[in-house]
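Q: Sequence:
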Amino acid sequence: TLKEKPAEAEVASHELLLRAGMMRPLAAGIYTLLPLGALALARIEDVVRDEMNAAGACELILPTLQPSDAWEESGRWSAYGPEMMRLADRQGRDFCLAPTAEEVITLTVARIAPSYRDLPLNLYQIQTKFRDETRPRFGLLRGREFRMKDAYSFHADAADLDETYARMYEAYSAMARRCSLEVKVVEAATGLIGGDISHEFMVVSGIGEDVLVFCDSCDYGANAELESHRPSRAIGSPGGAAPEEVHTPDMTTIQDVAAFIGVTPEAVIKCVMYVADGEAVAAFVPGYREVSEPKLAAALRTDDFHPLREDERELFGGLTPGFTGPVGLRGVRVLYDSELAGGQGMVCGANRLDYHLRGVDEGRDFAAEPLADIAAAVAGDLCPRCEGSLGMARGIEIGHIFKLGLKYSEPLKAHFTDADGVSRPMVMGTYGIGTSRILQTVVEQHHDEKGICWPASVAPLPVELIVLDPGSGSQAEAAARITGGLAERSVQVLTDERSLSPGIKFNDADLVGLPVQVVLGKKLVDGMVDLKIRHTGERRDVAAGDAVGGVIRALEEAP
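Take any residue in the sequence shown, note its place counting from 1, add 723, and you have its number in our numbering.
Read the hints as simulated data drawn from the structure, not as lab findings. Being a predicted model, the structure only gives us computed values, none of them experimental. Ideal Cβ positions, reconstructed from N, Cα and C, are used throughout, including at glycine. Some hints could be false.
[Claimed, not checked] Just the calculated beta-carbon pair ranges, DEER-fashion:
| # | residue 1 | residue 2 | range |
| --- | --- | --- | --- |
| 1 | Gln814 | Glu733 | 38 to 44 Å |
| 2 | Ala1210 | Glu886 | 40 to 46 Å |
| 3 | Glu893 | Ser1222 | 49 to 55 Å |
| 4 | Pro1044 | Ala881 | 45 to 51 Å |
[As the list claims (entries may be wrong)] Straight-line C-alpha distance at most 30 Å; calculated DSBU-like pairs for lysine-lysine:
| # | residue 1 | residue 2 |
| --- | --- | --- |
| 5 | Lys1173 | Lys1245 |
| 6 | Lys1228 | Lys1245 |
| 7 | Lys1255 | Lys728 |
| 8 | Lys726 | Lys1245 |
| 9 | Lys1173 | Lys728 |
Sequences are here, hints too, so could you generate the full structure?
A: Written out as structure tokens, the structure is:
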């Protein structure tokens, strides 16, 4: 164990895994899991394996070292970019250390399942994966080498995929419950994996890298990059008067402009300037919102865009950020958020430095065309499915499931012969869950100021036996009797027989955080041992002769 916080640890779970002796860093984003960490990971992977088998999936092992050919056929060799770990063999042939395995499994199944009688198939592996992160951080949450369960299903039609997808949804929910993680399941973008529909399994956490949007009244939830919302606020102000130019020197923020003119941010039109495919783009949203760049990418139909840089100002004809508006704007591609349609009495940039327009009406002074949903949700927006309000939180993604359709089977020619003798492409799904990420997420969700509080279901070991005086014959005898009795009940024990002070041993036990602690000390003279329940801090005096039974009862109560 480590007494001091390691310098590289930015979040509590990373710090505790290092201090508790669960892992050690080798290089940025690469860790050695020490025995206790490896045991915890094995417990998590046992849970995942149980649920996959119960869902009708079969385990296999796919190669991690994969040739470039299949990736080039699917189009992902270039799409993945620098995040893919690439290498060449001595003949100069290109390979990768795979971040995922859609190509390889598709080629494999194409060879072993030529008929509709062979379908459906659901195959999975638990493997080490690789990703060359730009900035590895947060320990196992964003590493360059990580453990993952990835599964792939193959079907004759979309209806059959729907059935397996529903089973996998339930299996992932069960995995989270058994690992003592509360998850929100949200709609998500399919990204580089591709496909039509996907859902992420997210654990709400302040250190999460994703933003979640969810309803307080129904089960609607979505990643912020895919969310849909209905505004709950009115934009603009009473219209009628013609636009009036207002001198607004050095006022480039929405808050400054709104306060100076005497309106709310809801009455201001925000302009965010971008360059997309070398072309100037002005994105207009209500002043109280931000542009959602994933939504903007979808509206522009390109990922090749970025915020305007200072050296690109000539693309906007010299217009100044903060003072650009839709009235009279020429020579620039525009996109308007849907909420701006019909807005009256609004404030916007006047397209000259240090000036804004007030009293601007959409339809009279400018036409909000084309319209698109390009604005990010804010807390308090209305749910798109019911009358509930939307909330927002950050989350850690532990799992992601996809309906791939024909994304890989068509380019890789994974066909089967149907009952009529017709060759058709297989319909696919893919399902990933990060087991090493779950390991750290459990610690992030289950710790206190003293250390880790492992849930019994995934603890490295269930019990720590603390022998305060290793030289005492009676304590040694009691320790042997208790560990032997627990072994007969298939309960493994971590025994601390170090010649250190009781305080150090107690602190280390709390840091490591096994569910139940058994202390052999002075009370043994009176035939008693001390039991501590780690997650509550509760202590119990138990007769030494009933120590095994006391531990079993305590474990049954543990979360």
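Q: Take the hints in turn and mark each one as holding or not.
A: Comparing the hints with the structure gives:
1. Evaluation of the 38 to 44 Å hint for Gln814 and Glu733 yields a pass: the beta carbon distance comes to about 42 Å.
2. For Ala1210 paired with Glu886, a C-beta distance near 43 Å keeps the hint of 40 to 46 Å intact.
3. In this structure the hint that Glu893 and Ser1222 lie 49 to 55 Å apart at CB holds, the actual value being about 51 Å.
4. Take Pro1044 and Ala881: their Cβ atoms lie about 46 Å apart, and the range 45 to 51 Å holds.
5. A threshold of 30 Å between alpha carbons decides the hint, and for Lys1173 with Lys1245 the separation of about 24 Å falls inside it, so the pair holds.
6. For the hint linking Lys1228 to Lys1245, the alpha-carbon distance of about 15 Å falls within 30 Å, and the restraint holds.
7. Taking the CA atoms of Lys1255 and Lys728, the gap is about 25 Å. The hint holds against a cut of 30 Å.
8. For the suggested pair Lys726 and Lys1245, the alpha carbons sit about 27 Å apart, so the restraint of at most 30 Å is met.
9. With a C-alpha separation of about 13 Å, the suggested pairing of Lys1173 with Lys728 holds against the 30 Å cut-off.
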